[in-house]
Each structure stands twice: as C-alpha cells, then as structure tokens.
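A.B. asks: For reference, the chains in residue letters:
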Amino acid sequence: MAGQPSAKRGVLDPIIALLRWVWDRLERTLLLALKIVFPSRFISPLGFLGMLTVIVFLILGVTGALLLFHFQPIFGDCPPAAANTTYVPAPTCNSAFNSVTSINNQVNWGFLIRNIHYQASNAMVLLAVMHMFYQYFAGRYKLRYEILWVTGIILGVVTIIEAYTGYDLIFNIRGQLAINIGQTLTYYTPVLGANLAQIIFGFSFNDLTIRFYAFHVFIIPIIMLAIMSVHLPKNLVLDIPVASAITGIILILGGLFPVEVGVRYDPNQLTQITFPEWYFTSLYAFIRTQGLAPFIAGAIIPGVFVLIFTVVPFFDRGRKIAMIDRPFWVALGVAALGQIAIVTVWGFRASNPFQPLLSEEQLLIDPALFAGSLLIATALAYGFVYAFVRWRRAKLDALRAAKKPIPYRKVQPYFLSKGEVYSLLGGLLLLQAFLDLAIFRAFLDTLNNFALLEIGMVLVAFAATVHIYRVSAQVK
Amino acid sequence: MSDEKKPTPQPSTTPSPSVKAPPVAPETVKPTPATKPSAISRRAFVVGALGASTLLAIGAFAPPSLPSWNILNPLTPAKEGPTQVVSWNALDQKYQNAVSAGKTYSPSDFSEFFYFPYPVTASPYYKNVITRLPEPPAVPTKLVNPFYPNDPVLSKVAAFNLTCVHLRCIVNPGFAGTPRSGEFRLQCPCHGSQYRLTDAVPVAGPAFDLGLLPLPRVKLSYDSATGNITATDLDGTAGVGRTA
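Chains as they are written, first to last, in my numbering: chain A, 100 to 575; chain B, 6 to 249.
Quick caveat, the hints were computed from the structure, so don't treat them as lab data.
Mixed in with the good hints, there may be bad ones.
[Unchecked claim] Calculated Cβ distances over 10 angstroms to all of chain B for the following chain A residues:
no., residue
1, Cys-177
2, Phe-408
3, Ala-440
4, Ala-493
5, Phe-514
6, Phe-542
[Said to hold, decoys possible] Output of the computed footprint for chain A on chain B, the stretches with three or more beta carbons under 8 angstroms from beta carbons of chain A:
no., segment
7, 111–120
8, 124–134
9, 193–206
10, 211–221
These figures come from a predicted structure and were not determined experimentally.
The beta carbon of each residue, even a glycine, is placed where N, CA and C say it ideally should be.
Put together the whole structure using the sequences plus the hints.
C.D. replies: Below is the structure:
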C-alpha cells in the first residue's frame, strides 16, 4: 500500500485498515505465537493428521453444543407390569433415549446435527489412530519427541473414553451393553474397584445418566483440552482444502449411512444380541473369549498393548528415524496393526465365523481359534515386514558399496493446461450451483439424508476448487 | 544421547552468551548472604507456611471425609423392608394353567418379576424373579428349593436376583435344558451363562467357565393366614453374586 501512493483509494481500504489494526494487536496475544502454516501447495495430509483431528474435535464441540439443547440426561421411571397385565412402557421410561429419538425425528436440523456428531466421533477416533501410526512409522517418537508421544497416547485413550461415554448416553441396548461391561470391569479393578464403580457409574441409572453427561460434555473435554495444550506442537499446518474435504466426507458418510437410534433399552424387556461400536469390538472379542476373565480381557490386555506403545521411545534408542533403518520397530508396528484388524473383525463374528449370529451360544469365541488366528497373523505380519525391510536395506547397501546411484521413484506431476483449469473450475462451480438447488429441494421435501449428502458434496467440491486453483497457480 | 544430534546446529549462535554468563552471576549472588544473616530464609518460611496451612485445611475436613469420597459418591436410596411379592395361590394357578396348556417347557410362564430391595427407579440391577418349581406330572423328579426343603410352600418356589454375574445383563428365566428332563435353567441372553433354577449356581457359559459366584438369593417368608409370599432380604450383591 505504502509503495504505491499514486494508486486510487479503494472502497475496501477502511476494511483492510481495520484488519491490519486487529492483526497488529493480535501480536500481543497467544494466537500469533502459534506458527500456523497455510500451505500454498499440496502436501500429504498424512503429515498433519493431528491438525485434522483437532478440526474434527471442533466440529464435535459445535454439534455437541447444539445437541445439548434437546438432550435430557434422565433415565426416568420404568414401572414393571402389574400382575396379569401386558407390559406397556411408561412415557417417562428412558427419557434419554426418547429425547434422542425426538432429536432424530422431530427437532429441526436435529437429524443432520446428530449424524454429523456421530460420524465426526468415528472420524476423530480413526484420525487419531491413523495419526499415531503415521508418527510411529515416521519415527517421530524419539529425539526429543518423547513428551509429545506420551501425551498423544494418553490423549488417544481419553478420546476413546470420551466416545464411550457419548454412545452410552443414548441408552439404547448397545449403550446399555457398554454400560454393563464398563461397570463390571471397573468393579473388578483391584483395591479401588467397588468405590470407583460407585463414583463413575453412580447407583441408579439416573445417577449414571447425569454422571456420564457431566463426563461427556464437560469433564473429559476439559481434560482433553488440557492434554492438548501440552501435545500441541509449535508448528502447525492448516490446509483449508483438506480440512474442508474431511468435513465434507464426514457429512457425506452421515448422508449415506445415517446412524440409527437403535433399540430402546427397557429394564423390563429382554436384552437382544448387540455389538459395541467398531473401536470397541476388539475388546469385546477378548471379553467373549471362553475362559478369559472380564478384567483381564477388557482391561489388562488392552492396557498392556497401550503400555507397550507408550514406552516405545524409551527402548528404541537408535538415532535413525527412516523406516529402512528400523526393521524391528516397523515390523512391530505392522504386527500391531494386524492384531488390531484381526481382533476388531473377530469382535463382530460368532464362534463359528461361517454361521449367522443368531443364538446366545454363538457369542462365545473359541480361545484356540481366536488366539491361533491372532498369533499366526501377528507372526506372519512381523516376519514378512521384518524380512522385507532387511532385504531393501541390503539392496541399498549393495548399491552404495558398488558406488551406484540409488534409484528414486520420481513422481512426475501432471500440470493442467489453462483450458483444462477453466473448464474444471467452471464445472465445479456449476456442480455447486446444482447442489445448492438440490439441497434446497431436499430440505423442502424433508429428505434429510440427501441434504446432508449434498452439503458434504459442496464442501468436497469447494476443496477440489481450491486445490485446482493452487495447482494451476503454481505453474504460472 | 538423543540430544546430541539436534542441538548441534544451534551452538554456533547460543553457547557464547551462556558460557560467559556464569562469571557474572557469582558476583551478584555472593553479597546476598552477607546482607541476610537471618536464621530462616524467606523461601523456607513461605514454603513452610503454605505447607502448614494446607495441612491444617485438609486436617479440618479429614475425620469425616477420609473413609470415602463423600462428595463424589451417589446418594444411595434406603433399602426397602420386607415386601409382599406375590400371592402363592396366584403363582400356583399360573403354573397349573401352564401345565394344563402343556407349556411347562418355559419357566417364564409361571414366574413373576419384582424389584427388591430397591425400586426400578433406583436401579434396574435389582430385578428378581420368583418361579414356581415344576413337579412330577410335568417333570420326572420333583424340584425342591434347597434353602427351604421342609417348608410346604417355600420348597416349591425359587427366587433370585437376575443380574448376571458375568457382565450384568438381565438373565432370562425362560430356558429349560432338555425338554421334560427336569433340567431347568436361567439363561443370560448376552453371553449365554446358564444357572440352575433351584439354587442359581452357574452350570454353563462364561459364568461357569470362570468359576463365578451363584446369583444373589432373595430370602422369603410365607404367611399362611393371607397366603402371601414376602421377600425379606437379598443374600449377596447384584452383579457380583452370593458367597453362601
């Protein structure tokens, strides 16, 4: 501005001046102390999965806050049937579930907000796990990353506990199964168990609802923010198109696979066979394994698994971080991923995986089959990956010894021509215009799934537009 | 060890001031002891005062609150006293109707459910069942309640808490092992634990595999004047089992 005194004064000048004024004052605050980089070219989102997790956390915060207005944290009164009468659930029975149903079916925008909240919770768990494994394979847990790593692991565990308290609040039979299991596991904790179970779960289901409500909306999020403030690295990458695309994908998933309210829990009616959320089916598989005590299956085994990951930086003392230099740790990580996959799939399966899961006898898992599949998969994953990394390493060493150039796979970028850019951008704009009309139409017809799907598509289209713009701006 | 690689680029700029700083510092530190010959330093005093007041503050609350976390614990409702559960005649009639309809296969046809010693509002884990035990016309051998073997009425009924000791699902009293074999059981719908109908000892499923305790027992009394069966106490803890 100062370099061009002869330029005309524009209409926007006062606004720009105001923004500059605000920006200058912000330098006194903490906000500008964080180095947030808005990358001008595409970089792999794997590198900033943590930031994406934070964005999803913010989405969860906003949608959760909106859900607070309509959720009733009361279980209510479920009187049993009088003698010689057929049971009719009282209207006060399971108010929490009833309020979730009304959010889903009656509250304006309730369906959309609830679906976004649900899919974002899944996305947050998934992104956190992906983030952890990416950092693990990138070797970013040692060389002064130890505190970031350990707080990250704690944050991941707390995230899963937060998700657990969330889906229990719905009080469908799935949530009730989770409550039963959580209460039993807490009860069998040595020394403190009985007291801890009383403190966490209360005595009645009304206690439990209000306690889990407090945990879910206040206590655990505050703990998460506190840990996040330590876990936050100094340099952050905020890529607007990727963040927009992730948000869009969450919405699209919400539209394609709308979450059901589930079967209402009623203590006077018989329980049905049900399964926990996908991030808990691994624990559920252990709990259902024959002869394994619940506390060992649901607390000791996962605890040891998490502990091994927590202490990895204190055992991997080597100073090299490239995957090719760490065959043992890379193989260990792949084996752990394999274990998680196998156990998660087992969690959904019956004792005989080829039969439909209909009867109660099917729910018990044969320990020989379970442990056998787990061991074989782990051993194979570990062995193959270890051998592969060592083989690559030997090959590179041989090349170095022979003083030959090490071949790198070059990715040839595809540059768009001007015409292609214009037609793509125009097409995307047309698509967005069409989608906007379709969203409006879907709202008029109360086609909630469609609306959610199309809002998500608009966000993805926006991401694509910005991405194409920056790819083309990079060329010329 | 691991610190060696990263800081190496930095020393070119930073170390020189940090190395030069120490010679200056001792000169400023040394005069202070000379001007302060007090017996107790300011820091020690502040720390001691803070510690003492904190201890006093905790001590004031300690006697009542040490044994438990009162503020965190829920308000536990009062236990109900002896509660009339069911009329013996009504329960027996239900059984006779089921037998004449040929339905002795499922004990749920001649059972009643009740919440004791806490109402359902307090906790669903205190759901109990009282069942009329089947007799020879329907089964080969008579089932007898082992806790009241000589009582003319109570020997014919069984009453247990229904919270499974495996993972706290509500047990379903609708399962009979083999039809007409007299092998009646309580079965958990979640993971298939099975309990004997007469004494609720686990006989199959995870509760049996893990050697868990039998279901809590509802203690009963019978008033021959009114014909009512009354629950007097719960022997054991819901979700954990009974030791007797």
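A.B. asks: Give a verdict on every hint.
C.D. replies: Status of the hints after comparison with the structure:
A beta-carbon of chain B is positioned within 10 angstroms of the beta-carbon of A/Cys-177; the least distance is around 5 angstroms. Its beta-carbon lying about 18 angstroms from the closest one in chain B, A/Phe-408 satisfies the requirement of being farther than 10 angstroms from that chain. The claim that A/Ala-440 is not at the interface with chain B holds, since no C-beta of that chain comes within 10 angstroms of its own (minimum 24 angstroms). A cut-off of 10 angstroms between C-beta atoms confirms that A/Ala-493 is not in contact with chain B; the least separation is 25 angstroms.
For A/Phe-514, the condition that its CB be more than 10 angstroms from all CB atoms of chain B holds, with the nearest at approximately 36 angstroms. Under the 10 angstroms C-beta cut-off, the non-interface status given to A/Phe-542 relative to chain B holds; the minimum distance is some 40 angstroms. Coverage of the segment 111–120 of chain B by chain A holds [criterion: at least 3 residues with CB-CB distance below 8 angstroms; count 4]. A stretch counts as covered by a chain when three or more of its residues have a beta carbon under 8 angstroms from one of that chain; for the segment 124–134 of chain B and chain A the count is 6, and the coverage holds.
Counting residues of the segment 193–206 of chain B whose C-beta lies closer than 8 angstroms to any C-beta of chain A gives 5; at least three are required, and the coverage claim holds. Counting residues of the segment 211–221 of chain B whose CB lies closer than 8 angstroms to any CB of chain A gives 3, so the stated coverage by that chain holds, three being the minimum.
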